[in-house]
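Asks: Below are the chains, spelled out letter by letter.
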Amino acid sequence: MSRLTEDNVRVAHEIISRYPRPRSATIPLLHLAQQQDGYVTNDAIRHIGELVGATSAEVLGTATFYEMFKFEPVGKYLVNICRTMSCALMGGEELMHHAEHRLGIKAGSTTPDGMFTLEHAECQAACTEAPTLQVNYRYRFRVTPETFDALIDDLAAGRLDSEIPAHGTVARIRQHIPAERGVGAVPPEDATNAPSWMTVAEAPK
Amino acid sequence: MTTTESNEVEPAEVIVDPNAVSVTINGKQFTARKGDLIIKAAENAGAYIPHFCYHDRMSSVGMCRMCLVEVDTGRGPQLMPSCMFPVSPGMVVETESPASKAAQEGIIELLLANHPLDCPVCDKGGECPLQDQSFSHGPGESRYIEEKRHYEKPIAISELVLLDRERCILCDRCTRFADEVAGDALIQFTSRGNTTQVTTFPDEPFSSYFSGNTVQICPVGALTAKPYRFKARPWDLQEAESTCTTCSVGCRTAVQSSRDELLRYQGVDSDPVNWGWLCDKGRFSFEGVNSDDRLTTPLVRTANGHEPTSWNSANAAAVRMITDAIAAGGASSIAVLGGARGSNEDAFAWARLAHDVIGTPNVSAQLGDGLPVGVLGMNRATIDQASSAATIILLAPDLKEELPVLYLRLRDAAVKNRSRIIEFAPKATGLTRYAWRTVFYEPGTQADVVSATLAQPEIAAQLAKGEVVIVAGRANLAESSAGTTAALLALLAALPEAKVLPALRRGNVVGAISVGMRRGKSGLDSTGILNAAAAGKIECLILVGADPIADVPDADLARRALAGARRIIAVDTFITDSSRLADVVFPAAAYAEKAGTTTNIEGRVTTLAHKVTVTGTSRPDWMVAAELAQLLGTDLGFGSVLDVTAAIAAAVDGFEAVTAEALESAANGVLAGVGSFDAIATPTVALGDRNSYNFRLVVSRKLYDQAVGTTHSPSLAKLAPGGAVFVHPLDIARIGSAVGADVKVSTPKATIVLSLATDDSVQRGTAWVPFNQSGANVGELIDAAAAVTDVRIESL
Chain A
1 MSRLTEDNVR
11 VAHEIISRYP
21 RPRSATIPLL
31 HLAQQQDGYV
41 TNDAIRHIGE
51 LVGATSAEVL
61 GTATFYEMFK
71 FEPVGKYLVN
81 ICRTMSCALM
91 GGEELMHHAE
101 HRLGIKAGST
111 TPDGMFTLEH
121 AECQAACTEA
131 PTLQVNYRYR
141 FRVTPETFDA
151 LIDDLAAGRL
161 DSEIPAHGTV
171 ARIRQHIPAE
181 RGVGAVPPED
191 ATNAPSWMTV
201 AEAPK
Chain B
1 MTTTESNEVE
11 PAEVIVDPNA
21 VSVTINGKQF
31 TARKGDLIIK
41 AAENAGAYIP
51 HFCYHDRMSS
61 VGMCRMCLVE
71 VDTGRGPQLM
81 PSCMFPVSPG
91 MVVETESPAS
101 KAAQEGIIEL
111 LLANHPLDCP
121 VCDKGGECPL
131 QDQSFSHGPG
141 ESRYIEEKRH
151 YEKPIAISEL
161 VLLDRERCIL
171 CDRCTRFADE
181 VAGDALIQFT
191 SRGNTTQVTT
201 FPDEPFSSYF
211 SGNTVQICPV
221 GALTAKPYRF
231 KARPWDLQEA
241 ESTCTTCSVG
251 CRTAVQSSRD
261 ELLRYQGVDS
271 DPVNWGWLCD
281 KGRFSFEGVN
291 SDDRLTTPLV
301 RTANGHEPTS
311 WNSANAAAVR
321 MITDAIAAGG
331 ASSIAVLGGA
341 RGSNEDAFAW
351 ARLAHDVIGT
361 PNVSAQLGDG
371 LPVGVLGMNR
381 ATIDQASSAA
391 TIILLAPDLK
401 EELPVLYLRL
411 RDAAVKNRSR
421 IIEFAPKATG
431 LTRYAWRTVF
441 YEPGTQADVV
451 SATLAQPEIA
461 AQLAKGEVVI
471 VAGRANLAES
481 SAGTTAALLA
491 LLAALPEAKV
501 LPALRRGNVV
511 GAISVGMRRG
521 KSGLDSTGIL
531 NAAAAGKIEC
541 LILVGADPIA
551 DVPDADLARR
561 ALAGARRIIA
571 VDTFITDSSR
581 LADVVFPAAA
591 YAEKAGTTTN
601 IEGRVTTLAH
611 KVTVTGTSRP
621 DWMVAAELAQ
631 LLGTDLGFGS
641 VLDVTAAIAA
651 AVDGFEAVTA
661 EALESAANGV
671 LAGVGSFDAI
681 ATPTVALGDR
691 NSYNFRLVVS
701 RKLYDQAVGT
711 THSPSLAKLA
721 PGGAVFVHPL
731 DIARIGSAVG
741 ADVKVSTPKA
751 TIVLSLATDD
761 SVQRGTAWVP
771 FNQSGANVGE
781 LIDAAAAVTD
791 VRIESL
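Chains A and B, in that order, are what the protein sequence lines are. When we follow my numbering, the leftmost residue of the first sequence carries the number 1, and every step to the right adds one. When we follow my numbering, the leftmost residue of the second sequence carries the number 1, and every step to the right adds one.
Label-pair distances were calculated between CB atoms; the ranges are:
hint : chain 1 : residue 1 : chain 2 : residue 2 : range
1    : A       : 145       : B       : 739       : 58 to 64 Å
2    : B       : 192       : A       : 166       : 23 to 29 Å
3    : A       : 115       : B       : 132       : 51 to 57 Å
4    : B       : 688       : A       : 43        : 44 to 50 Å
5    : B       : 92        : A       : 176       : 53 to 59 Å
6    : B       : 666       : A       : 43        : 52 to 58 Å
7    : A       : 160       : B       : 79        : 51 to 57 Å
8    : A       : 128       : B       : 132       : 51 to 57 Å
9    : B       : 117       : A       : 50        : 39 to 45 Å
10   : B       : 127       : A       : 176       : 55 to 61 Å
11   : B       : 742       : A       : 160       : 55 to 61 Å
12   : A       : 50        : B       : 146       : 41 to 47 Å
13   : A       : 128       : B       : 192       : 28 to 34 Å
Computed from the model, here is a short list of chain A residues facing chain B with C-beta under 10 Å:
hint : residue
14   : 42
15   : 46
16   : 49
17   : 56
18   : 57
19   : 58
20   : 59
21   : 61
22   : 62
23   : 64
24   : 65
25   : 66
No farther apart than 30 Å at their CA atoms in a straight line, the calculated lysine-lysine pairs in the DSS-like style are these:
hint : chain 1 : residue 1 : chain 2 : residue 2
26   : A       : 70        : B       : 153
27   : B       : 537       : B       : 521
28   : B       : 34        : B       : 416
29   : B       : 744       : B       : 718
30   : B       : 148       : A       : 106
31   : B       : 148       : B       : 231
32   : A       : 106       : A       : 70
33   : B       : 537       : B       : 749
34   : B       : 148       : A       : 70
It is worth saying that the hints were derived from the structure and are not from the lab. Just so it is clear, CB atoms sit at the ideal spot from N, CA and C, and this is done for glycine as well.
Start from the sequences and build out the full structure, keeping to the hints where you can.
Replies: Given below as structure tokens:
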């Protein structure tokens with residue numbers, strides 16, 4: 001639960017090999033670490049630094065820029081309730097109030113059983129469907145207190161496991177790029193051929 | 001270099017300069033250089049553009065937006081950050097137009113939205129770019145009435161540097177410096193937006209050797225240095241420009257004091273040398289000058305130990321010792337060691353005293369840890385030449401540890417792709433990361449390794465690409481200088497055009513040797529002197545700022561030498577292990593307590609400032625020498641330090657141009673010529689049988705050790721890492737002991753106990769011990785007579 005596991009180190013090396021420079025793999029590796037532990041641990045940051053040849057401070061600086069990387073334990077389900085204009089007009093605030101009562105926690109905290117973390121979110125870009133929320137970034141539209149309760153019941157009972165994986169999971173099936181389709185370890189300035197997936201038009205004569 | 005040159009009146013015939021770019025700045029025509037940033041061109045044209053993040057020695061990032069000015073490139077005037085755009089032909093720049101002013105005032109107002117107005121209690125107040133530019137370019141009042149940001153204050157980002165986050169304006173200067181210049185990216189912006197702040201990773205402090213520079217370049221009071229925090233107000237400081245003599249790079253400094261106490265050194269930008277940077281050891285070493293342990297009066301040995309005495313009686317005692325020694329064993333039974341820690345004047349006066357008044361040829365400025373002096377007679381490179389050569393060959397100690405600012409310059413050459421570094425080393429160094437090729441050698445075999453490497457076609461092709469500069473010094477104190485000397489001669493045989501930059505470490509070692517602190521005809525070198533003293537053949541040993549017991553690699557030899565010398569005279573700033581044994585100790589004026597000149601590794605002579613009153617009754621070394629000469633019947637004619645400077649110019653080969661007047665007018669000092677030195681004969685490296693159970697010993701210095709100046713600087717003393725024996729992680733199994741356990745490290749000569757550690761910069765089959773650290777003295781294992789040192793490491 002800290003540094004990357006042996007299996008994940010193997011995945012990490014594959015990810016690193018896709019990029020011209022190891023440092024370019026920093027963010028995918030942070031995703032990998034978050035997938036492993038549910039959040040990005042300090043040990044994982046240090047490990048990623050070793051893998052990509054950066055200092056821990058550099059990895060931390062990059063990681064903390066992004067709000068979707070968490071640096072403290074997060075519940076299995078991260079519930080983001082929108083509070084921006086359209087949702088606020090359509091009952092977003094009341095929904096948050098209800099959610100706090102239903103889960104027994106204030107926004108920004110995690111239930112003691114480690115199942116739910118509740119957070120405010122800014123506009124989720126689905127204003128026509130207000131009020132909205134996301135569970136591990138999966139949308140739920142026109143949420144009412146009743147549908148919210150049902151959602152929580154379903155999540156707690158595991159009925160939505162097939163749709164919503166635990167927090168941190170980027171994808172349940174990992175893509176493997178065959179070596180010949182990867183960019184490979186060629187820095188941009190040394191690249192002589194266009195990548196295989198790009199069709200380059202002949203320069204006009 | 002400067003763009004103002006092109007403003008000078010051109011000769012009658014019109015020469016079209018391809019690098020000239022004609023621009024209009026504030027209505028005036030100006031010829032800038034191609035590639036100059038607008039902000040720089042404007043400054044050269046006399047129009048100052050306010051800025052915080054822009055720094056001449058670092059890449060532009062456009063973070064602070066303070067340098068917004070109206071620029072018209074033909075599409076109408078628009079606001080542009082002038083630190084981000086180079087000049088283009090016909091560009092019209094308005095730095096003081098209403099739009100420019102409004103933009104600058106707006107930025108100041110925004111920066112001050114959260115910046116506390118705690119200037120009266122802030123160390124930066126009085127020399128603060130934010131404060132100054134708020135007055136000169138700010139709106140004078142703010143529309144913000146909200147509560148400002150608060151943070152816990154201050155947080156320590158290293159042992160030396162504190163951070164008050166609420167003052168930070170996020171200019172990226174410190175973080176950029178750490179990454180770009182120092183190569184220690186240990187501080188970074190974290191988080192984003194309103195919560196962005198500079199932090200280190202938890203438990204990984206900003207332990208850079210160059211951390212103090214971030215304090216100097218911080219444009220607000222966010223970063224402060226512990227040794228200076230709350231010590232003085234800038235307007236109470238008096239300042240004099242000087243040169244750092246902590247090592248031999250010769251960085252220009254501003255020495256600042258208040259009420260006759262040294263309080264701070266700041267880096268001064270000298271283009272050929274330090275580019276404004278200092279290492280922390282140099283920057284904070286003023287604490288040692290201020291130490292309460294400094295010697296204040298002459299001491300003479302009595303039955304009750306050292307007792308304070310007057311200068312007159314100490315001088316009389318010393319003269320008596322010298323005349324007695326001459327009577328007992330002749331002039332050549334007197335030997336003088338040292339001079340490398342003072343000024344050129346100090347060294348010259350002592351050289352005159354030793355060679356001309358006493359008449360002994362046994363003089364040495366090195367302490368068994370240098371190279372034959374002939375290395376100074378080679379085709380010498382300047383630092384600029386080294387950092388612009390196509391190939392830099394390192395046959396040197398870890399420059400990051402010994403000559404830190406030279407490390408910065410060579411690192412810059414490598415990362416900016418000006419030069420390729422080929423490194424020969426017994427152990428990975430700070431520059432290994434940046435080296436094009438690093439060839440590790442087992443101590444003693446470097447000449448063979450060099451020859452084999454030069455034979456490789458790829459290496460030969462690289463060496464043929466252009467200028468080659470060899471940086472030469474002692475990478476390993478546990479071997480004699482023979483291996484390195486042989487390797488250096490092998491390199492020069494293959495590359496006769498190559499230039500050599502000596503990597504000798506002690507502050508003024510090049511100056512001291514150049515002006516005469518070296519052996520005369522049939523004289524002894526430092527090891528020879530120590531051997532003679534140990535054999536009882538030295539009637540009087542004179543130590544001029546030298547501490548052989550701490551500095552000579554062979555500790556046993558140093559001890560026997562000081563025990564065997566019949567009489568010892570020491571000139572020193574502190575009581576050291578060596579001066580403790582002296583019969584007469586003269587208190588010496590320290591850095592910033594005396595004027596003079598110093599010479600760096602490239603032969604650049606610069607001035608030293610006399611900023612504060614001497615401690616107690618101490619005197620500069622040259623004065624001690626002049627007085628002793630007088631009492632011995634020869635007037636050297638030195639009435640003031642200027643007399644000595646003039647005498648050096650008159651007498652020393654290569655120093656003809658180094659006059660007080662020349663130094664006065666030359667901002668970057670005067671490059672002395674290379675004098676004539678005896679050529680070095682190729683030494684033979686006698687390697688015994690290599691027992692495969694043994695580890696070959698590598699001993700080298702860390703920046704912070706138990707040197708006298710460091711131990712008396714409280715801020716620096718605690719940074720010394722302490723002693724241990726390091727082996728490669730894969731060698732640990734051979735020893736049968738665990739990391740952290742105490743092990744016996746032994747040679748036939750001695751056994752010491754050190755704790756065992758691993759370090760993958762150490763090569764397999766070798767063991768590395770840092771020199772002059774706390775704990776057991778590794779010098780016990782070193783034999784000055786042996787080519788290399790092999791040790792056995794066993795569990796207790």
